[in-house]
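Colleague: Below, each chain spelled out in residue letters.
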Amino acid sequence: GEDVEQSLFLSVREGDSSVINCTYTDSSSTYLYWYKQEPGAGLQLLTYIFSNMDMKQDQRLTVLLNKKDKHLSLRIADTQTGDSAIYFCAVMFSGGYNKLIFGAGTRLAVHP
Amino acid sequence: DAMVIQNPRYQVTQFGKPVTLSCSQTLNHNVMYWYQQKSSQAPKLLFHYYDKDFNNEADTPDNFQSRRPNTSFCFLDIRSPGLGDAAMYLCATRAAGSDTEAFFGQGTRLTVV
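Protein chains in written order, with my numbering: chain H, 47 to 158; chain E, 46 to 158.
With the rest of the complex left out, here is chain E:
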């Protein structure tokens, strides 16, 4: 059973039209991450949460926002998508303090037209 679920798998949005990507987890992990991955590049950390404590990377554009209403769900909001925001967006979770992996979702591939 999938433990980190991202919806939708593929999202097409118009230039400048707000879009929200969602991530849910059944693992009850307190740390959640959002990454942006462009073709053939490293996943780039945008934000992460420790419970409700939010940590924004210094170079994450202001255009990107995030919400975590509860442990299970986390959202990535792109207020005004540009062509350069087309990428794969990956959500991951991890139990802080454990000695195991970060669990990744399958990702949402965002296309901006």
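Same shape as in the complex, but just chain H:
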């Protein structure tokens, strides 16, 4: 079945890089997404990567995909206090009707 896992917490110092990791179980993934959710707010798409890509960079964000190991990561360079939020990894599985499955989310805390 389809499953997406993330570590639950990450604490970093302001200005450092943050790396949030995600693993998934089913190799029939097509697109993989990173969403950000701030307290009381909806889901904000940060970036996504297609499964035939290894890396995607978008300003401070770098996504790395290791399809062999079914591992996805999000690197945030120069992390700021405004980056404090929950980050969800989501995987679009190609079987059936394109199911979009979320991980449990990683709570990123940025401290001075």
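No wet-lab data here; the hints were simulated from the structure. The structure displayed is predicted, hence computed values, not measured ones. Errors might be hidden in some of the hints.
Going by beta-carbon spacing under 10 Å, a handful of chain H positions derived as facing chain E [to be verified]:
#	residue
1	61
2	138
3	144
With beta-carbon atoms standing in for the labels, derived distance ranges [claimed, not checked]:
#	chain 1	residue 1	chain 2	residue 2	range
4	E	53	H	114	41 to 47 Å
5	E	122	H	57	38 to 44 Å
6	E	63	H	74	35 to 41 Å
7	E	59	H	123	47 to 53 Å
8	E	117	H	121	35 to 41 Å
9	H	72	E	140	19 to 25 Å
10	E	48	H	98	26 to 32 Å
11	H	123	E	120	40 to 46 Å
12	H	106	E	59	24 to 30 Å
13	E	52	H	55	30 to 36 Å
Every residue gets a Cβ at the ideal spot worked out from N, C-alpha and C, and that includes glycine.
Given the coordinates of chain H, assemble chain E onto it according to the supplied hints.
Modeller: For chain E alone, coordinates are given in the frame of chain H:
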């Protein structure tokens, strides 16, 4: 302009009283999703539609039903809400076969009293 609209933003219902949440989209996307998100947890997929084809997740309670009368609208019906059904309900749409994102609405926060 909002592309996926959920109404209402906040809904209070009584224990056991049927409630309907609505979602509309202006994107003409053929895939629509309903998710349940409880505090600090992952959005959990309840159902999704590909056009009118309905796909119910195996662990979605029977208490939850859905209707999609046309491309633009989708409804989530909770027949007998329990206290455990209090959550944020998120609707999302996606154009099947495209290489872009799922578009989420702002969600409806359901409180059961």
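Colleague: Give a verdict on every hint.
Modeller: Outcome of the hint check:
no. : hint                      : in the structure
1   : 61                        : 27 Å, violated
2   : 138                       : 8 Å, holds
3   : 144                       : 6 Å, holds
4   : E:53 x H:114: 41 to 47 Å  : 46 Å, holds
5   : E:122 x H:57: 38 to 44 Å  : 42 Å, holds
6   : E:63 x H:74: 35 to 41 Å   : 37 Å, holds
7   : E:59 x H:123: 47 to 53 Å  : 49 Å, holds
8   : E:117 x H:121: 35 to 41 Å : 38 Å, holds
9   : H:72 x E:140: 19 to 25 Å  : 22 Å, holds
10  : E:48 x H:98: 26 to 32 Å   : 28 Å, holds
11  : H:123 x E:120: 40 to 46 Å : 43 Å, holds
12  : H:106 x E:59: 24 to 30 Å  : 47 Å, violated
13  : E:52 x H:55: 30 to 36 Å   : 35 Å, holds
In terms of the numbered hints stated before, the structure departs from hints 1, 12, listed from lowest to highest.
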